[in-house]
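S.K.: Using the sequences provided together with the hints, build the complete structure.
These protein sequence lines are chains A and G, in that order.
Take the first sequence: its position 76, counting from 1, is numbered 76 in the UniProt record's numbering, and each next residue is one higher.
Take the second sequence: its position 24, counting from 1, is numbered 24 in the UniProt record's numbering, and each next residue is one higher.
No lab work stands behind these hints: they were computed from the structure.
One copy or any two copies: either way a pair holds, since identical chains are not told apart in the list.
In silico SDA-like cross-links for lysine to any residue, where the CA-CA straight-line distance does not exceed 25 angstroms:
1. K33 to E371
2. K184 to V448
3. K258 to E375
4. K68 to P90
5. K184 to N44
6. K11 to G94
7. K426 to L451
8. K184 to E410
9. K30 to P367
10. K184 to E411
11. K99 to K127
12. K14 to A50
13. K184 to S447
14. K127 to G115
15. K261 to G287
16. K237 to T208
17. K33 to L395
18. K258 to G229
Here the structure is a predicted model, which is why all the values come from computation and not from measurement.
Number of protein chains: 2
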Amino acid sequence: MKMLSLPEKNKRLKRLFHPESVAFIGASNKRGKWGSIILANLINGGFTGAIYPINPSEAQIQGLGAYKRIADVPDIPDLVVIVVPPQAVPAVIGECVAKGIQVGVVITAGFAEVGTEGERLQRKMAKQAHAGGMLLVGPNCNGIMSPPEKLHVAMPPIYFPPGPMAVVAQSGNVATSIARRAMKRGFGISRFVSSGNEADLHCEDYYTYLSEDLDTRVILSYIEGFRDGRRFFAAAKEVTRKKPIIMLKAGATRIGAKAAKSHTAAMAGSDLAFEGVCSQAGVIRAGNMDDLTNIAAGFVGQPLPAGRRVGIVTAGGGWGVLAADACAEAGLEVPALSKETIQELDEFLPAWWSRNNPVDLVAGLKPDHLEKSLECLLRCLTIDGILLLGIMPALPLDPLPPSAGPEAVEERCQVLLETIGEVFDKFMGLAHHYQKPVIIASELPFSVENLESRMALMLGQRGYVCYPSPEDAAIVMASLAVYAEYIRS
Amino acid sequence: MKMLSLPEKNKRLKRLFHPESVAFIGASNKRGKWGSIILANLINGGFTGAIYPINPSEAQIQGLGAYKRIADVPDIPDLVVIVVPPQAVPAVIGECVAKGIQVGVVITAGFAEVGTEGERLQRKMAKQAHAGGMLLVGPNCNGIMSPPEKLHVAMPPIYFPPGPMAVVAQSGNVATSIARRAMKRGFGISRFVSSGNEADLHCEDYYTYLSEDLDTRVILSYIEGFRDGRRFFAAAKEVTRKKPIIMLKAGATRIGAKAAKSHTAAMAGSDLAFEGVCSQAGVIRAGNMDDLTNIAAGFVGQPLPAGRRVGIVTAGGGWGVLAADACAEAGLEVPALSKETIQELDEFLPAWWSRNNPVDLVAGLKPDHLEKSLECLLRCLTIDGILLLGIMPALPLDPLPPSAGPEAVEERCQVLLETIGEVFDKFMGLAHHYQKPVIIASELPFSVENLESRMALMLGQRGYVCYPSPEDAAIVMASLAVYAEYIRS
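M.R.: So, in structure tokens, the structure goes:
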């Protein structure tokens, strides 16, 4: 690994995510085996390059002509996928190096995570790859994906749409959970890496590559521990100057750290030390998988705030109180409104409005109050960003009679979704005009199965999110503010 | 209020939730007015009793014969709903008392939450009601619902199905948000109260009534502050012996407390003091609206654990690590496994399994490993409850080919949902057999729009939840353990 220069390494990583051909060692016809499931996923994912299944005893695998050994393939594949028993892996790597293959994904488990014998085997495998200048993803991982290339070399049969988020995780199932959360919010994936035991490539290698990757706008990462803390820190510090890294770190507690050790042989280290590394390297920390995705979406769609002073506009008082609490807990300020702003709001809000931040529209039903209040706060010089809670006042509110048939319901849903799209376009246009983030959290005026997920997809495709709770919105705002401070520092 | 005995008060509260007739003062034909929207909701909700709209200038309101004044109604309505401007409310209450009405819901805002003048008006209104022995919900609230009675006197046009959860909240929009979250998980609502400024009835009055209400199994509450701390404490302490109260408290921070004051005139008080009240009264605290609903669902479907020792079975290592962290943070223990349990697991798990708690099935694909591991841990004497993470190994996993048409996809979804139902029945049967909670968190093996919400509804109707993340599962387990300790103490 150390023998390769950075440009050389990145060239190979480019091959990993943009291969023209893939060899698959351990390809199988047997239903239920990973060598069958992952190959099926690669084929079904629509990869358009050549696929070479390798199997010593079958002539055809899943309809493709198979080869007995990698040496027999009439081409040098750009990428090799390895799904053979652990004891066989070092020899297979040797064959791949001999063939001239430059990068491989080792799915196989049973290495450093299972103890001393596995560690020995893992070192042997890595040594063999290093000697031949071959890069390795894994072992003990669930694969990689590159949705813009329709490359799907991974366990879960889920085909993420292409989009701005890269996922790098030291756990395949967490990587999948994160990408699913992004997909449900209508955001696609640029690259997906389950880095496993990181015998060769570490998460920081992927970060560095992704910092120059044009398809990636934000990096979402889950880690259980560093392999090399100093190297991680140096790489992350460079990358965050170019793109945000949002990080979920496991093993923060003694019990969690023990679980991490037996999962991917990771040494979790002290959580306090990790917190220090993050804040000095500009890495944004998330508390869980939902926050991670929510924050990343904020970075895709929002301008960065100039400070931590938040204005809250709410269509319902309770959400305003919860948001105020959440802002305080996230280290944001909720300053009093200036006299001028109060005067401006007095001109159109009802006499009994709160005259406070949060600006409570008090179950107001005038559609334009929301937009006018938003603009008042955006113009206010002592406010850096807005939490807008409840877009109902701007939506058609007439209740659906219970007698409404499915067609009438669908028609109403269409109108509602269209209006929501227009409202978001308008409000996010204001956000970008004033260069202040406008984080919107809301529910819908009526409850129809599917409507929320349809709204999420529609908005996500435009780069927006309608967050489900006031706390989510506050957490996103705080993350934008922390990153903006780091970038300015 | 103090004049009424408890049985007398509860008799009137029963009338509130089970009225045979409802008068509606401020009923309107004008679209967009609350007097029109709420009346439409009451009619559309399917209420089968008599509805008497009161309006001084219209003969018909929304198709119903209207009365000029409450005095003209040819009956003594069980319940009155009041949606007239604040200045008019005290006089209207006087008329209701004269008519002999015993309970009313005041929707109107513009009382104590807007300052001294409003406070005066609120006191005047309450005095008038007290003098006549009439109970009041509100003012400044979004209404009440009693879904088993098809009684829907509230702003949001959402008809919650009847079910085991009662919602009592000092915010109408938070009450609605909580009930929506319950509904999305397939759980219905027994009673819904937006208690508003609590000029007369306080949240503790509702708790006391609900503790004897046969339709209610668990009370979900949002509060911004007590009106009378000692009275709240005494009532809550009695109620929690009979039913759990799960509580979200706002105004925990200085900023939030300020927002609460201008929302419902509530004095939030110190969060530390509130924490003390909760732990001494057996009230379970939730961190946000999602946790609140998740925890309440746990109380509906799970047996209580005998202690805090958690066994974790996970189909994916990363979720196991996140769960271990979350358990530690929630005050749970994740003890090492006994020799006997390890031996039992050794008999069927692959040689490289973690031999630790969490029990990591390491991407195992054998369908029965999950159930067998679960039973091993349930039998273990040093474990009080189980987190089961990932039910995929027990489900049909074959990927759907991308060419599959909508019928094939639907057929696959049906099979999957049926299998999930069977798996939950089996696992929850084990939970009740061993009298240890089994909290399940999982994603689905493939991603089809709607599948998750369909699964949630199907499971919720059986009293089960498939939690979306390992942290959720840990929080639910911790809440069950804390309540169980309180009940045993």
